[in-house]
Amino acid sequence: MNTLASNAKPTSILYLDGVSVSFDGFKALNSLSFVIEPGELRAIIGPNGAGKTTMMDIITGKTRPDAGEVFFKGTIDLTQKDEAEIAQLGIGRKFQKPTVFESHTVWDNLELALNRNRGVFSTLFYRLTADDKARIEEILSTVRLANRRDDFAANLSHGQKQWLEIGMLLAQEPELLLVDEPVAGMTDAETAETAILLKEIARTRSVVVVEHDMGFIRDLGVKVTCLAEGSVLAEGSIDFVSADQRVIENYLGR
Amino acid sequence: MITSFILKALDRNIVIVVALLLAIAALVPALNLLTSPDHPLHVPTYIVSLFGKYFTYALLALALDLVWGFCGILSLGHAAFFALGGYAMGMYLMRQIGARGSYGNPLLPDFMVFLNWKELPWFWYGFDMFWFAALMAVLVPGLLAFVFGWFAFRSRVNGVYLSIITQAMTFALLLAFFRNDMGFGGNNGLTDFKDIMGYSIQSNGTRSALFAASAIALALSLIIASGIVRSKYGKILVGVRDAESRTRFLGYRVEHMKLFAFTVSAMMAGVAGALYVPQVGIINPGEFDPANSIEVVIWTAVGGRGTLIGPIVGAILVNGGKSIFTAAFPEFWLFALGGLFVLVTLFLPKGIVGTARHFIERRKEYRKAKADEAARAFAAEPQAAE
Amino acid sequence: MSINARATGALLAAILSTTAFHGAFAADDTIKVGILHSLSGTMAISETTLKDAMLMLIEEQNKKGGLLGKKLEAVVVDPASDWPLFAEKARELVSVNKVSAVFGCWTSVSRKSVLPVFEELNSVLFYPVQYEGEESQRNVFYTGAAPNQQAIPAVDYLAENEGVERWVLAGTDYVYPRTTNKILEAYLISKGVKPEDIMINYTPFGHSDWQTIVSDIKKFGSAGKKTAVVSTINGDANVPFYKELGNQGVKAEDIPVVAFSVGEEELAGLDTTPLVGHLAAWNYFQSVDNPANAEFIKTWKAFTKNDKRVTNDPMEAHYIGFNMWLKAVEKAGTTDTDAVLDAMIGVSVPNLSGGYSTMMPNHHITKPVLIGEIQADGQFETVWETPGLVVGDEWSDFLPDSKDLIADWRKPLECGNFNVATGKCGGKGS
Amino acid sequence: MHARLIHRFLQCLLVAFCLVVTLFATDLRAADDLRAMINALGGGSFQESQKQVEALAKTGDPKIVPALEALSEGDLYQRKADGTVFIVKPAGSNFKLTDALTGDAAGEEAKAALEKVKVNNGLRRVIRAALGGLTLMSPDAGVRLQAASTILRTPSADALEGLDAALAAETDGTVKAVLEKALAASVLVSDRPVDEKKAAIATVVQTGGRDSLSLLSGALLSADESLRPDIEVGIKKIEDQLALWAAGQNIWYGLSLGSVLLLAAIGLAITFGVMGIINMAHGEMVMLGAYTTFVVQQIIRDSYPALFDWSLAIALPLAFLVTGAVGLVMERGIIRFLYGRPLETLLATWGVSLILQQAVRSIFGPTNQEVGNPSWMSGAFDLGGLTITWNRMWIIVFSLAVFGFLLFLLKKTPMGLQMRAVTQNRRMASSMGIRTPWVDALTFALGSGIAGIAGVALSQIDNVSPNLGQGYIIDSFMVVVFGGVGNLWGTLVGAFTLGILNKVLEPYAGAVLGKILVLVLIILFIQKRPRGLFALKGRAVEA
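Here the protein sequences come in this chain order: A, B, C and D.
The UniProt record's numbering puts the first residue of the first sequence at 1, with every later residue one more than the last.
The UniProt record's numbering puts the first residue of the second sequence at 1, with every later residue one more than the last.
The UniProt record's numbering puts the first residue of the third sequence at 1, with every later residue one more than the last.
The UniProt record's numbering puts the first residue of the fourth sequence at 1, with every later residue one more than the last.
Treat the hints as calculated values from the structure; they're not laboratory data.
Among these hints, one or two may not hold up.
Computed list of chain A residues with no C-beta within reach of chain B, every gap over 12 angstroms [said to hold, decoys possible]:
(1) G18
(2) S33
(3) D66
(4) G68
(5) T79
(6) Q80
(7) A189
(8) I196
(9) L233
(10) I238
(11) D239
In silico DSSO-like pairs for lysine-lysine, Cα to Cα no more than 27 angstroms straight-line [unchecked claim]:
(12) C:K298 x C:K64
(13) A:K199 x A:K133
(14) D:K89 x C:K301
(15) D:K528 x A:K81
(16) D:K237 x C:K225
(17) C:K226 x D:K118
(18) C:K308 x C:K298
(19) D:K118 x C:K308
(20) C:K251 x D:K116
(21) D:K111 x C:K301
(22) C:K218 x D:K236
(23) C:K308 x D:K89
(24) B:K322 x C:K98
(25) C:K219 x D:K198
(26) C:K226 x D:K198
(27) C:K63 x C:K305
(28) B:K194 x C:K98
(29) D:K80 x C:K298
(30) D:K51 x C:K225
(31) D:K528 x A:K62
(32) A:K97 x A:K223
(33) C:K298 x D:K89
(34) C:K411 x B:K194
(35) A:K27 x D:K528
(36) D:K236 x D:K198
(37) D:K111 x C:K298
(38) D:K96 x C:K298
Each residue gets a CB set at the ideal place from its N, CA and C atoms; glycine is no exception.
Starting from the given sequences, assemble the full structure and let the hints guide the process.
Now the structure itself:
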C-alpha cells in the first residue's frame with residue numbers, strides 16, 4: 001500500500017492513488033498509484049495481465065474502480081465521468097489494436113476527430129470551415145498521410161492506421177495522451193519514426209505510452225514505470241528499472 | 001444552414017430517384033383517372049392501390065435502414081412504430097364515420113357500441129381533427145422511440161440484446177392491442193372507413209391522391225435521410241456502427257447520436273403507417289406481429305442496407321414478388337420467398353443495390369487503372385524512341 | 001449507381017406488366033369462382049380444408065355440366081393469414097381475375113378487411129363461418145351460424161337437460177367471443193341466473209398453458225351448483241385446453257364443456273377418450289346420418305384421397321352457399337352481381353343435416369341447431385336438435401343497441417341496419 | 001388401465017353370476033323382468049332411460065352390471081327387428097352381439113340392423129351411481145374401492161342402505177375408510193336425523209378437499225337451521241386449507257411453465273447462446289421433433305399397438321437424429337458461410353423456417369396431428385391440496401434431465417471442450433489442431449437435436465401443427481437473452497424465473513396482462529443488466 005504524498009496531487013496532470021478493480025474475483029489492479037506531471041512523457045511496461053490496459057480503461061472512464069482516486073489536473077475526479085466527458089476534458093486514448101473508422105476516408109477520420117462542438121444538431125448542420133481545413137492539412141502532414149487523404153482508412157497499412165489514430169488524437173487537441181502499444185506490428189523504420197513523432201507530440205502535452213518493445217522505450221529515453229499484478233513494481237530511468245531484480249524475474253527474465 | 005443540408009443531400013443518384021418518384025406520383029394517377037380502362041396506357045386502380053401500399057412499405061424500410069444500415073441498430077420492432085402511426089390515422093378515419101355507423105351513434109365507433117361502451121375513452125378525443133391525428137401519427141411513434149431509446153442506449157444495450165428487447169416491445173404492444181379492453185377494437189382493429197377529409201376513401205380520385213402522397217412522402221424522406229447520412233452527423237453514425245468505442249473516446253455522446261437517429265426513423269415509420277392505413281382500409285394488431293418487423297429487415301437486406309435506395313428497391317421487389325407468387329402458385333410461394341432470403345444472404349451479402357454499386361466501383365477503378373497505364377506507356381514512348 | 005434508379009424503374013414496369021398479364025387471360029368460356037382462404041400462416045390450419053372443399057364442389061359441378069352451359073373455373077389465391085393482404089387479394093380476384101363470386105374468409109377481421117372491396121367493386125362474397133353477427137352487408141352472404149343459431153340453443157340444452165345453474169364463459173379475447181358472451185350474459189340473466197353464478201374469462205390467441213384457468217374452473221365449479229363451461233375459445237388453443245381438462249380429470253359428467261369453435265377438424269388433433277361427453281353446438285356434424293351427407297363424405301374422402309379426412313360445419317356452410325349461388329345464377333340466368341343478389345333471397349337448397357336451408361332477406365340462412373357429445377372416435381353424437389329451423393339473427397335482441405335493428409335487402413327497404421324505432425337506415429348499409 | 005379393471009370386474013361378475021344362478025335357479029321370472037327392463041332402455045328419451053336405469057339399480061341384481069357398463073361405454077345396441085338390446089363389439093363391417101344378461105355370444109348383425117342406445121352425460125351420471133351401489137359387495141377389494149369412491153363423488157340417499165350393509169361387511173381398511181366418507185357424504189344429502197348429520201359433517205370436513213367443499217356448500221343450500229353453523233364453519237375451514245394450497249399450486253404451475261420454456265429455449269442456448277447464430281428456424285426444429293413423435297406413434301398404432309407406452313422413448317433418439325441431421329445440413333449448406341455476420345444468420349434462418357413450415361404443411365397437411373399421451377403421462381394425482389398432472393411432472397423432470405445431459409456434454413467431455421474452445425477463440429482453436437468447421441457443424445447439430453427432443457415433450461401438451469414452432473421462438477429468445485447469452489445456467493434460471501413470474505401474475509392480472517407485464521419487466525431488466533442475468537464481466541466480453 002504505497003500511498004503517495006498527496007502534495008503531488010494539485011500540480012499533477014494525472015494522479016492515481018490506491019486504485020483497485022477486480023473482475024469475477026481476479027484482481028486486475030491492486031491499489032495502483034502513480035503521478036504524471038504536466039508535459040511529461042512516461043513509458044509504462046509490464047508483463048501481460050499486469051493491468052496496463054485496465055489502468056487505461058479506468059483513466060478513460062470505461063471501467064469504474066472498486067476503490068481509489070483518479071484525478072485529472074489535480075481537481076477533476078475522473079471516476080465520476082464517462083468516456084465522452086473525459087475525452088472532452090482533453091484526454092485522448094489510442095487503443096492497442098488500431099481503431100479508426102475504416103469505411104471513412106483518412107480526411108473524414110480526422111474531420112470527425114476535430115475538437116469542435118460534438119452535439120447532434122451542430123454536427124448535423126456542420127460545415128467545414130477554412131481553419132478546420134488548415135488544421136486537418138497540418139495533422140495530415142504531421143502523421144505523414146497527406147498523400148492518402150482520400151483513401152478509405154480500411155486500405156491503409158497497419159502502421160499507417162496507427163499513425164492515423166495518433167493523428168486523430170492530435171485533432172482532438174488533448175492535454176493528456178494515452179498511447180497503448182503504438183509500435184506493435186511496425187517495421188523498425190516505422191518504429192523509429194513513431195518514436196520521433198511521439199517526442200514531437202510530447203513537447204506540447206503529456207503523454208503516457210504503454211509498450212513492450214524495450215528498444216522503442218530506450219529510443220524514447222524517458223522515465224519508466226513497471227507494473228506487475230496490478231501495482232507498481234519499479235519506477236525510474238530505463239536503466240534503473242531494468243536493473244531492478246524483481247523486474248527482471250517478473251518481466252525481462254522471460 | 002438548412003439549404004446546405006439539403007444541397008449535400010442531393011447527390012446524383014438521389015436526384016434521379018426523387019425525380020422518378022415525383023414523375024410516378026404525377027403520371028400514374030393521371031393515367032389511372034384520365035385514360036379509359038381499355039386504353040393501352042391505362043393503369044388499373046388495382047395497381048394504383050397496390051403500389052401505393054408498396055411505397056409506404058418502402059418508406060418503412062428506408063426508416064429502418066437509417067438506424068440499421070448506418071448506425072448498426074438492428075431494430076426488430078420497427079413495425080410497431082408503423083402500426084402506431086397507422087392506428088393514429090385509423091382513429092381519425094373511425095371518427096370521420098360519425099353517425100353513419102351501423103348503430104348510428106354519432107360519437108362512438110361501432111365496436112364500442114356493441115360491446116356496451118358508454119362514452120368515448122379519453123385517448124380518442126381530438127382524433128376527429130385531421131391535423132391532430134396527423135401530428136399524433138408522427139409524435140406517438142417518435143415519443144415511444146425516444147423513451148425506449150433513451151433508456152436502452154443510456155444503459156448501453158447493444159447488438160442482439162437490443163434487437164431482442166425491441167422485439168419484446170412490439171410483442172408486448174401486439175398483446176396489448178389484442179385486448180378489447182384497450183379500446184382499439186381488439187383483434188378486428190379499425191375498419192369500415194368511409195372517407196378522409198371529406199373525400200370518399202373508395203373513390204379512384206382519393207386512391208390516386210393517396211398514391212401520390214405516398215410517393216411524395218417517400219421522396220421527401222429520401223432527401224431527409226440522404227441529408228442526414230451525408231452530414232458530419234451521418235459520418236459519426238457510421239463511426240458508431242464501425243467503432244463505437246472510438247467514437248466515444250473522441251468525445252461524442254454515442255447514446256445521443258443513436259437516440260436522434262432512432263427517433264427520426266420511428267417518426268418516418270409512423271408517417272408510412274399513417275399513409276398505409278387509408279389505402280388498405282384496415283389497421284389491426286396483426287401489424288405489431290414481430291414477424292412483420294423481421295420482414296422489414298429482410299426487405300432492407302435484400303435491397304442493400306447502408307444504401308438509401310436499396311431498401312426502397314428491396315421493399316418493392318419482395319412485396320411485388322409476394323403479390324405475384326401468392327396468386328401464381330399459392331401452394332408453394334413460401335418456398336420461393338424463403339429461398340430468396342437464403343440466396344440473397346448467401347450470394348448478395350450487400351444486397352442488390354449494394355452489390356451493383358460495388359460492381360460499378362470496381363469497374364471505375366479498373367478503367368482508371370487502364371487509363372493510367374496508357375498514360376505511362378505514352379510517357380515512356382519518347383525515351384524508347386531515343 | 002444510377003443503375004439502381006433504372007433498376008427500380010425496370011422493376012415497376014416488370015410488376016405492372018405481370019399483374020396486367022394476370023388480367024389478360026380472363027377467358028370468357030368459363031365462369032370464374034374466387035377462393036379466398038389462407039393456405040399459409042396461422043389460419044391455414046382451418047382454412048385450407050375449405051379451399052379443398054370448394055375445389056371439390058366446383059369439380060363435382062363441372063361433372064354435372066357446369067353452370068349456364070359454361071365450365072366453372074376456380075381461382076385460388078393465398079392471403080396468408082395477413083388481413084390487409086386479404087383486401088388486396090379480394091381486389092385482385094374481382095378486378096383482375098374477374099371472378100363472378102368469391103367464397104372465403106374465416107376470421108371476422110379478414111371479412112371486415114374485404115367488406116369495403118366487395119362493396120366498392122360490387123361483387124359477391126360467401127362467408128362460411130359462425131360469427132358474432134352485428135353485421136349485414138349488401139354484397140355478403142353469411143352461411144355460417146349467427147349467435148342465436150349456436151350459443152343460445154346450447155345454453156338452453158344445458159340448462160334444461162343437465163340442470164346447469166352456474167356458468168363459465170371462457171373465450172379467446174377477440175370480437176366473436178366478446179360479443180357472444182355479452183349476448184349469453186344478457187340471455188342468462190334474463191333467464192334468472194344470478195350474476196355471481198357467471199364467470200367470464202378471456203385468454204390470448206394460441207394460449208397454450210391452461211393450468212391456472214382449468215383449476216379456476218374447478219374452483220368455480222365446487223360451489224355446490226351444477227356448473228358448465230361455455231367455450232368460445234378459438235380453434236387452435238382448444239387442443240391444449242382439452243388436454244389440460246382431461247389430465248386434471250374434469251369429466252363431462254361433472255363439468256361439461258360446450259364449445260362453438262370445436263369441430264371434427266379440431267378433434268382430429270387429439271385423443272378424445274378423456275373428453276367423451278363434452279359438447280359442441282353446430283348446425284352440422286359429420287355423424288349426421290342421411291343419404292346426402294353420406295354421399296358428401298364419400299366424395300370428400302375420394303377427392304382428398306385420404307379416408308381419415310373429416311368433414312365439418314364450415315364445409316357444409318360452403319356446400320349450402322355454393323348450391324344457393326348456383327341456383328340463384330340459374331334463376332337470374334346471369335352471373336351479373338345485382339341480378340344474383342336479387343335472385344339469392346328466398347333461394348332454398350338441401351343442407352347436409354337432412355333438411356332445407358333458405359336464404360333470408362337479411363343475407364343469413366335458416367339452419368337446424370344440433371348439440372353433440374364428443375365420442376371416443378373423435379366424432380360427435382347428436383344428443384339434441386332444434387325441432388325446426390332457426391333463422392340467423394344478424395342483430396342480436398340481447399344487446400341494447402342492436403335490438404332495434406333489422407336487415408332486409410329486398411326492395412324497397414334495401415337496408416342492412418334499419419332501425420325500427422327511428423325508422424331510419426343507419427349509415428349506408430354495411 | 002380402465003379396460004383392465006372392467007375385465008377383472010367382468011370375471012368376478014361371472015363368479016357372482018354362477019352363484020346367483022345356482023342359488024336362485026327357480027327364480028326365472030326375475031330374469032325375464034330384468035330382460036324386459038333392459039330392452040326398455042332402447043328407444044326412449046334420455047329422461048326415460050334414466051328412470052329405467054334407476055329402476056334397474058333398485059333391483060340390486062349384479063346381473064345387470066355388464067349391461068349398464070356397456071351402456072355408459074356406448075356399446076349397447078337395440079336390434080331394430082325385435083327390439084332386443086345387446087352388448088355389441090364391432091367385428092369388421094358387422095357387430096358381434098352378446099346377450100346383455102347372460103353374456104353369451106348371440107351371433108352377428110349388420111350395423112344397419114341395430115340402433116345404438118344413446119347416452120348423454122346425465123345418463124352416464126345415473127349409471128355411475130347405480131354401478132357404485134351394485135358393486136359394493138363385490139369380492140374384489142379393488143372393485144369395492146372403485147364403487148365406494150364413485151358413491152363418494154356422487155352421493156345419494158338411495159345408496160345409504162347399501163353403504164350401511166357394505167360397511168358392516170367390509171374388512172379391508174382402505175376400502176372401509178372410503179366407505180365411511182361415502183356414507184357421511186350420502187347422509188348429508190339424505191333425510192337422516194340431525195345429530196347423525198352433524199357427525200357426517202365432521203367426517204366430511206375431516207376429509208377436506210374440493211369435493212367435500214362442493215358437497216358442503218351444496219348441503220348448505222338445503223340444510224335446516226340447526227346445521228347451518230356447523231356447515232359454515234366446516235366450509236370456512238376447508239377454504240382456508242385450500243387457499244394455502246392455492247399459493248403452492250401457482251408455484252407448481254410456474255415451475256411447469258418454466259420447464260416448458262426451458263425445453264423450448266435450451267436448444268437455442270446452444271445455437272444462439274454459444275454459437276451466436278440468431279437461429280430463427282429454431283422453432284421449426286422443435287416442430288420437426290414433434291412431427292417425428294407423430295410419425296413414430298402412427299407406425300406404432302398401425303403395427304405394434306403394444307409398444308404405445310414406449311412411443312416417446314422410441315421417438316426421443318429419432319427426433320434427435322432427424323432434427324440433428326437437418327441442423328447439420330443447415331450448418332454445412334448455409335450457416336457456415338455466415339460466421340461473424342450474426343445478423344445475417346437471422347435472415348437466412350428466417351428463410352429456412354418459412355421453407356420448413358411450408359414443407360411440413362405440404363407433406364402432413366396444415367391441420368393438427370394427433371399425438372397421444374402414453375398412459376403414464378395422462379391423468380393426475382393429488383399431493384395434499386395440489387393436483388399434479390403426470391405429463392407436467394414428467395416434462396419438468398425431463399427438462400432438467402436434458403439440461404443436466406447438456407451441461408455434462410459441454411463441461412465434461414472432450415467434444416464439449418472443443419466446442420467451448422472454438423466458440424471462445426476460433427483462430428486459436430484451429431491453430432491448436434481442432435477441426436473448427438467440424439466442431440461448428442456438430443455444435444449446431446447438437447443444438448438442433450436438443451430442440452427436436454424438446455419437440456417430443458411439447459407434442460404432449462400442445463398442438464402438433466406447422467405453426468407449432470412460431471409459438472415458442474420469441475419466448476425462447478427472451479429466455480436466453482434474459483438469462484445471459486452463452487450461459488446455460490442463465491437459461492435455466494431465466495426459464496424458471498419467467499415461468500413462475502408469469503404464473504404468479506396470472507391470477508391477478510389475467511393471462512394477457514400477465515404476459516405483457518413479464519415482457520415489460522424483461523425490457524427493464526435488460527436496462528439494469530445489458531448482458532442478462534448471468535453476464536460475463538471484464539475485458540473478455542469487450543473484445
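Now the hints, each set against the structure:
At the 12 angstroms boundary, the C-beta of G18 of chain A stays outside the reach of chain B, the nearest C-beta of that chain being 25 angstroms off. No beta-carbon of chain B is positioned within 12 angstroms of the beta-carbon of S33 of chain A; the least distance is around 24 angstroms. For D66 of chain A, the shortest C-beta to C-beta distance to chain B comes to about 20 angstroms, beyond the 12 angstroms cut-off, and the non-interface label holds. With a least beta-carbon separation of about 22 angstroms from chain B, G68 of chain A lies farther than 12 angstroms from that chain, consistent with its non-interface assignment.
Residue-level check passed: T79 of chain A sits 17 angstroms from the nearest beta carbon of chain B, beyond 12 angstroms. Every CB of chain B lies more than 12 angstroms from the CB of Q80 of chain A, the least distance being 16 angstroms, so the non-interface label holds. Every Cβ of chain B is farther than 12 angstroms from the Cβ of A189 of chain A; the closest lies at roughly 26 angstroms, confirming the non-interface assignment. At the 12 angstroms boundary, the C-beta of I196 of chain A stays outside the reach of chain B, the nearest C-beta of that chain being 24 angstroms off.
The beta carbon of L233 of chain A sits about 28 angstroms from the closest Cβ of chain B, which is more than 12 angstroms, so the claim that it is off the interface holds. The Cβ of I238 of chain A lies farther than 12 angstroms from every Cβ of chain B, with a closest approach of about 29 angstroms, so its non-interface assignment holds. Listed as a non-interface residue, D239 of chain A keeps its Cβ farther than 12 angstroms from every Cβ of chain B; the least gap is roughly 34 angstroms. Using a Cα cut-off of 27 angstroms, the hinted pair K298 of chain C and K64 of chain C holds, with the two alpha carbons roughly 17 angstroms apart.
Using a Cα cut-off of 27 angstroms, the hinted pair K199 of chain A and K133 of chain A holds, with the two alpha carbons roughly 25 angstroms apart. With a C-alpha separation of about 26 angstroms, the suggested pair K89 of chain D and K301 of chain C falls inside the 27 angstroms cut-off, and the hint holds. The hinted pair formed by K528 of chain D and K81 of chain A meets the criterion: a straight-line CA distance of about 19 angstroms does not exceed 27 angstroms. Between K237 of chain D and K225 of chain C, the direct Cα distance comes to roughly 20 angstroms. Compliance with the 27 angstroms bound is thereby established for this hinted pair.
Proximity of K226 of chain C to K118 of chain D is assessed by CA-CA distance (about 22 angstroms); at most 27 angstroms being required, the pair is judged to hold. With a CA separation close to 11 angstroms, the supplied pair K308 of chain C and K298 of chain C stays within the 27 angstroms bound. For the suggested pair K118 of chain D and K308 of chain C, the alpha carbons sit about 25 angstroms apart, so the restraint of at most 27 angstroms is met. Distance check on the hinted pair: K251 of chain C and K116 of chain D sit about 23 angstroms apart at the alpha-carbon level, within 27 angstroms; holds.
The straight-line distance between the Cα atoms of K111 of chain D and K301 of chain C is roughly 21 angstroms, inside the 27 angstroms bound, and the hint therefore holds. Of the supplied pair hints, the one linking K218 of chain C and K236 of chain D holds, its CA atoms being roughly 18 angstroms apart against a limit of 27 angstroms. With a C-alpha separation of about 21 angstroms, the suggested pairing of K308 of chain C with K89 of chain D holds against the 27 angstroms cut-off. At roughly 20 angstroms between alpha-carbon atoms, K322 of chain B and K98 of chain C fall within 27 angstroms of each other, so this suggested pair holds.
Annotation: proposed proximity of K219 of chain C to K198 of chain D holds, straight-line Cα distance about 25 angstroms (limit 27 angstroms). Proximity of K226 of chain C to K198 of chain D is assessed by CA-CA distance (about 24 angstroms); at most 27 angstroms being required, the pair is judged to hold. Proximity of K63 of chain C to K305 of chain C is assessed by CA-CA distance (about 18 angstroms); at most 27 angstroms being required, the pair is judged to hold. At roughly 25 angstroms between alpha-carbon atoms, K194 of chain B and K98 of chain C fall within 27 angstroms of each other, so this suggested pair holds.
Proximity of K80 of chain D to K298 of chain C is assessed by CA-CA distance (about 26 angstroms); at most 27 angstroms being required, the pair is judged to hold. Straight-line distance between C-alpha atoms of K51 of chain D and K225 of chain C comes to about 22 angstroms, which keeps the hinted pair within the 27 angstroms bound. Taken as a hint, the K528 of chain D and K62 of chain A pair is honoured in the structure, with Cα atoms around 17 angstroms apart against an allowance of 27 angstroms. Restraint check for K97 of chain A and K223 of chain A: satisfied, since their Cα atoms lie roughly 24 angstroms apart, inside the 27 angstroms limit.
With a C-alpha separation of about 25 angstroms, the suggested pair K298 of chain C and K89 of chain D falls inside the 27 angstroms cut-off, and the hint holds. The suggested pairing of K411 of chain C with K194 of chain B holds, with an alpha-carbon distance near 24 angstroms, which does not exceed 27 angstroms. At most 27 angstroms may separate the alpha-carbon atoms for a hinted pair to count; K27 of chain A and K528 of chain D meet this at roughly 24 angstroms. With a C-alpha separation of about 16 angstroms, the suggested pair K236 of chain D and K198 of chain D falls inside the 27 angstroms cut-off, and the hint holds.
Distance restraint check for K111 of chain D and K298 of chain C: the Cα-Cα separation of roughly 18 angstroms lies within the 27 angstroms cut-off, and the hinted pair is therefore satisfied. At roughly 26 angstroms between alpha-carbon atoms, K96 of chain D and K298 of chain C fall within 27 angstroms of each other, so this suggested pair holds.
Against the hints set out earlier in the document, no violation occurs for any number.
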